[in-house]
Amino acid sequence: MSVMLDLIGSIVISSYVILMGLQLNANIAGSSDATKANLNVQESLVDIVRSIESDFRKIGYNVADPKTSIAIMQSNHLRFRGDIDNDGAVDSVDWYVGAPLTTLPNDSIRILYRQVNNGTPVGTALGVTEFKLAYLTEGGKVATVPSQVWIIETTLRVESPYTVADQIKGYEAMDYAKGFWRQTRLASRNVKRHG
Amino acid sequence: MGKATLMYVIGLAMIVSYTLLNVTGSATDAVSNSVEYYGRTVAHNIAVAGANVGTQLLLSGSVTSQTMTGSFQGGNYALRYDSLNADGDKRLTVVSAANVNEKFGGSILRDTVIATFKYTQFAKYGYFSGVEQNGYMTPTSNSTSGGNMWKVTGDSMFGYAHTNSQWHLGGRPYFHDKITGFNAPQLMVYGGEMDPIYNAGSQWGVTVNRPPANMTKLENIAASSTPPALFSGQDVALTFFGDGRVNVRIPATTGSSRNDTVAIGSLTSSGVVAVKDGDVRVKGVYSGQVTVVALKKNAAATNGNIWIDGDIVANNNPWNNPSSTDMLGLVAERMAYLTTTGIPRTPASITNIQAAIYAHLGVFAVENYSTTPVGGRINLFGALSMNASTSTGRISGGSLVNGMLKSIRHDPRFDSKAPPSFPVSDKYELVSWWEK
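Line order of the protein sequences matches chains A and B.
Residue 1175 is where the first sequence starts when you use the working numbering, and the numbers rise one by one after that.
Residue 3 is where the second sequence starts when you use the working numbering, and the numbers rise one by one after that.
If you are wondering where the hints come from, they were derived from the structure by calculation, not from laboratory data.
Think of the CB as a built atom: it goes at the ideal place given N, C-alpha and C, for glycine as much as any other residue.
Mixed in with the good hints there might be a few duds.
[Unchecked claim] Cβ-to-Cβ under 8 Å is the rule here; a few derived chain B residues that face chain A:
no., residue
1, S28
2, A32
3, T373
4, P414
5, K438
[Stated by the list, open to error] Just the calculated beta-carbon pair ranges, DEER-fashion:
no., chain 1, residue 1, chain 2, residue 2, range
6, A, L1360, B, T373, 27 to 37 Å
7, A, D1261, B, P229, 34 to 44 Å
8, A, Q1248, B, T373, 27 to 37 Å
9, B, L23, A, L1360, 37 to 47 Å
10, A, E1327, B, P346, 54 to 64 Å
11, B, P141, A, E1327, 52 to 62 Å
12, B, L23, A, K1315, 48 to 58 Å
13, B, G399, A, L1360, 46 to 56 Å
14, B, Q58, A, Y1345, 51 to 61 Å
15, B, N323, A, E1327, 35 to 45 Å
16, B, V11, A, Y1345, 23 to 33 Å
17, A, G1313, B, R174, 12 to 22 Å
[To be verified] Some chain A residues near chain B, calculated using beta-carbon distances under 8 Å:
no., residue
18, S1188
19, G1195
20, L1198
21, I1202
22, A1203
23, S1206
24, K1210
25, Q1216
26, V1220
27, D1239
28, N1260
29, T1311
30, E1312
31, K1315
Can you make the complete structure from the sequences, with help from the hints?
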């Protein structure tokens, strides 16, 4: 009888331990997944930001008339002129986002394109869900024409393509890993060199 | 049973440990990634800060050493000035070092900013005045009319506009490009309005010196030209032709000393033709690049004037073709007159001038603007820098009763280029700013 009780007791306890182990495994896997998704989002964000910063700082570089540095100023499309490779020839560079991709679980993700001198656009599918540009004058007001642009406020949001468990709430709160960056005073000195 | 449980627990612990290691690794990578970005941002900020310091020193004329070091945000920067050419162009190179990553086992991060500067070129101004008062001088007197000159509703300026004093603005005059001045403008209600339009912004507290050394420099350049292109003591008339030649008449009225037609390149190798102690009369269609200079005999003299005897335009019209290389500079130490004596004009006449005009002590004006009959309109396409403001005609009751109307448009080529040895300020301005 006591043997039977031992067996039953050990089965119950081991089952409980196994369930705990499975739950722990699931939690750790979810946490790992979320951490990696967040890391990917962060690395994607940093990569894009570094490219944007590097390009935008060269707006108007070696352009004879800085007022002509910006050719297109739309909320999701910027075309500027600048000698981005410092070879003495002024380049035309476009940054814009395409339509949302429908093939991914996160249907807000778009491809962010960079196009140099009307060449083939190079798209980066790094999870960009928002790429917004605001153009401001010297006095911080909204610029209405390209020649007035002094400051470009850039907003970038990057998300993971699939949902991951919340690192605190767990699987009960699945959401996309997100990274957000906003540069409020990204201004090229070449644009504002007169005066 | 005990062994199996033990093995199960140990196995589970190993799996959990491995997974936790991965999670921790991801977290470490995230921190490393963040630190790397932060470190590069700090290195960049340090370089930009150093470049700002170096720029400010250069623009304020406070540079005392070719090299300098400093610190910012826990890092260091080293800057260096290099002279690029005889025109005084400068290059500022700043290298920064940030040790943010070093604290986390990484290497020192560096960044570089390179800026180039040149003296402010007067040809870049669509309109420049030393003072916004009437600076007209008659051909025989060095006294000026004086009196504030107002820009009012209906007036428009294209190209950078600057005065070393104070603008007087009534109503809604339009400034297409940036307007600067030393004092904030004096505003006046005109037509019920008092709201000037600064389309590209404004800035006050700005002074741009007009060094007299420009005149001496131009004299020396003309004198050292091959053959020497400095003429003294007599008025000179230059009539340009579209094939690149110019007729030279000395004196201007008779041509008794010299009257021949040569290529501009044969007249001056430097591109500068100067007359000292005399006036220069110009007209025609020019091809190539040349600066014509008229210099006074001394401070009391009334010569040193440029007289524009008719249309003076480029062979390759820059209005239609911005890539035209034809450029003319007209530099008068005293006045630049549009001649009216002996030149018949009607109210419908159009006089075209395509040149960068610089009047050091005087202004560009219509000869006897307040008494001469109505002579139509001047279309100036180029640049205009003067010691004071100008009036080309007299308006009464809303109509032109004497002189001429004027339309001044800046030639955008002069934003980055200028006729040969055209006057510059002693103030540096930023030409380019390179950040990685």
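Evaluation of the provided hints:
1. S28: Hint on S28 (chain B): holds, closest Cβ of chain A at ~4 Å, below 8 Å.
2. A32: 5 Å, holds
3. T373: 39 Å, violated
4. P414: P414 (chain B) check passes; min Cβ-Cβ to chain A is 6 Å, inside 8 Å.
5. K438: Because about 7 Å separates K438 (chain B) from the closest Cβ in chain A, which is inside the 8 Å limit, the hint holds.
6. A:L1360 - B:T373: 27 to 37 Å: 57 Å, violated
7. A:D1261 - B:P229: 34 to 44 Å: Given a distance of about 40 Å, which is inside 34 to 44 Å, the answer is holds.
8. A:Q1248 - B:T373: 27 to 37 Å: 56 Å, violated
9. B:L23 - A:L1360: 37 to 47 Å: Distance hint for L23 (chain B), L1360 (chain A) holds at roughly 39 Å.
10. A:E1327 - B:P346: 54 to 64 Å: The hinted range 54 to 64 Å holds for E1327 (chain A) and P346 (chain B), with Cβ atoms some 59 Å apart.
11. B:P141 - A:E1327: 52 to 62 Å: The hinted range 52 to 62 Å holds for P141 (chain B) and E1327 (chain A), with Cβ atoms some 56 Å apart.
12. B:L23 - A:K1315: 48 to 58 Å: At 53 Å between Cβs, range holds.
13. B:G399 - A:L1360: 46 to 56 Å: 53 Å, holds
14. B:Q58 - A:Y1345: 51 to 61 Å: This hint holds: roughly 57 Å between Cβ atoms.
15. B:N323 - A:E1327: 35 to 45 Å: 38 Å, holds
16. B:V11 - A:Y1345: 23 to 33 Å: 25 Å, holds
17. A:G1313 - B:R174: 12 to 22 Å: 18 Å, holds
18. S1188: 6 Å, holds
19. G1195: 5 Å, holds
20. L1198: 6 Å, holds
21. I1202: Result: holds, 5 Å to nearest chain B Cβ.
22. A1203: Holds, about 7 Å.
23. S1206: OK, holds: S1206 (chain A) within 8 Å of chain B, min 5 Å.
24. K1210: 5 Å, holds
25. Q1216: Given a least distance of 6 Å, the restraint on Q1216 (chain A) holds.
26. V1220: Since chain B brings a Cβ to about 5 Å from V1220 (chain A), closer than 8 Å, the hint holds.
27. D1239: Result: holds, 5 Å to nearest chain B Cβ.
28. N1260: 6 Å, holds
29. T1311: Holds, because the Cβ-Cβ distance from T1311 (chain A) to chain B comes to roughly 7 Å (cut-off 8 Å).
30. E1312: 4 Å, holds
31. K1315: At 10 Å from the nearest chain B Cβ, K1315 (chain A) fails the 8 Å test, so the hint is violated.
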